[in-house]
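**Q** Below, each chain spelled out in residue letters.
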Amino acid sequence: DGGITQSPKYLFRKEGQNVTLSCEQNLNHDAMYWYRQDPGQGLRLIYYSQIVNDFQKGDIAEGYSVSREKKESFPLTVTSAQKNPTAFYLCATGTGGRSNQPQHFGDGTRLSIL
Amino acid sequence: GQQVMQIPQYQHVQEGEDFTTYCNSSTTLSNIQWYKQRPGGHPVFLIQLVKSGEVKKQKRLTFQFGEAKKNSSLHITATQTTDVGTYFCAGRGSSNTGKLIFGQGTTLQVKP
Chain A
8 DGGITQSPKY LFRKEGQNVT LSCEQNLNHD AMYWYRQDPG QGLRLIYYSQ IVNDFQKGDI
68 AEGYSVSREK KESFPLTVTS AQKNPTAFYL CATGTGGRSN QPQHFGDGTR LSIL
Chain W
35 GQQVMQIPQY QHVQEGEDFT TYCNSSTTLS NIQWYKQRPG GHPVFLIQLV KSGEVKKQKR
95 LTFQFGEAKK NSSLHITATQ TTDVGTYFCA GRGSSNTGKL IFGQGTTLQV KP
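As you go down the protein sequences, you meet chains A and W in turn.
According to the working numbering, the first sequence is numbered sequentially starting from 8.
According to the working numbering, the second sequence is numbered sequentially starting from 35.
If you are wondering where the hints come from, they were derived from the structure by calculation, not from laboratory data.
Don't take every hint at face value.
As the list claims (entries may be wrong) - SDA-like, lysine to any residue: derived pairs with alpha carbons at most 20 Å apart:
#	chain 1	residue 1	chain 2	residue 2
1	W	Lys70	W	Leu95
2	A	Lys64	W	Val78
3	W	Lys70	A	Gly47
4	A	Lys16	W	Val78
To be verified - Partner residues are not named here, just some residues of chain A that face chain W (Cβ under 7 Å, in silico):
#	residue
5	Gly49
6	Leu50
7	Asn107
8	Pro109
Where is the CB? At the ideal position from N, CA and C, for every residue including glycine.
The whole structure should be built from the sequences, with the hints applied where relevant.
**A** Next comes the structure, spelled out in structure tokens:
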């Protein structure tokens, strides 16, 4: 969706390396989300943040870390503890809370192991 | 925890045939959303259903929300090659986190 920028589009990780995926938004949305997509498994929530300086673990947070120092930015670090990082990573934003508004997605980052 | 199951996982149809995907939740949902992801793309919001028994239409697409608010369906009439992609349902529970629980998706292939 326009207004959400994920970079890079493709990323390669070496063994034992941490890598950081960027997600920036100019939609002024309070909530931001990170999903992992594997073939045939839909979207699985890694971390989410409803407000600056606060975030919660999703269903598959192990091996990942995030920060939310600015409303516009929600970077995801894939640490060396994540043994199977190859996947398509999607960042999304929304108005959060009890809002019924939809989530808006970036174009994603494809991460592979070298 | 809350789960949303979606079937079938894959569907191949001839252009002009109808297509339906079904979504079932283990718990009552406050609302359900449907998204479409084209090959190589990202999910794009299609519609949201909120009321028990609600039916909404978008041209050839018909969306239903079950009476118990635990299941939903998407039906496409007379498929076209532009309908190709993966269709996801996503349910929102009663918590105030804004979290969505996504189904596994149904990938639709349309043969011309």
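**Q** Please go over all the hints and tell whether each is borne out by the structure.
**A** Against the structure, the hints:
Of the pairs offered as hints, the one joining lysine 70 of chain W and leucine 95 of chain W holds, with about 12 Å between alpha carbons and a cut-off of 20 Å not exceeded. Using a Cα cut-off of 20 Å, the hinted pair lysine 64 of chain A and valine 78 of chain W is violated, with the two alpha carbons roughly 24 Å apart. Between lysine 70 of chain W and glycine 47 of chain A the CA atoms are separated by roughly 15 Å; this keeps the pair inside 20 Å, and the hint holds. Taken as a hint, the lysine 16 of chain A and valine 78 of chain W pair is honoured in the structure, with Cα atoms around 18 Å apart against an allowance of 20 Å.
Nearest Cβ of chain W to the Cβ of glycine 49 of chain A: about 4 Å, under the 7 Å cut. The hint holds. Residue-level restraint check for leucine 50 of chain A holds (minimum Cβ-Cβ distance to chain W is 4 Å; threshold 7 Å). At its closest, the beta carbon of asparagine 107 of chain A sits 5 Å from a beta carbon of chain W; the interface hint therefore holds under the 7 Å criterion. Satisfaction of the interface hint for proline 109 of chain A is found here, the shortest Cβ-Cβ separation to chain W being roughly 4 Å, below the 7 Å cut-off.
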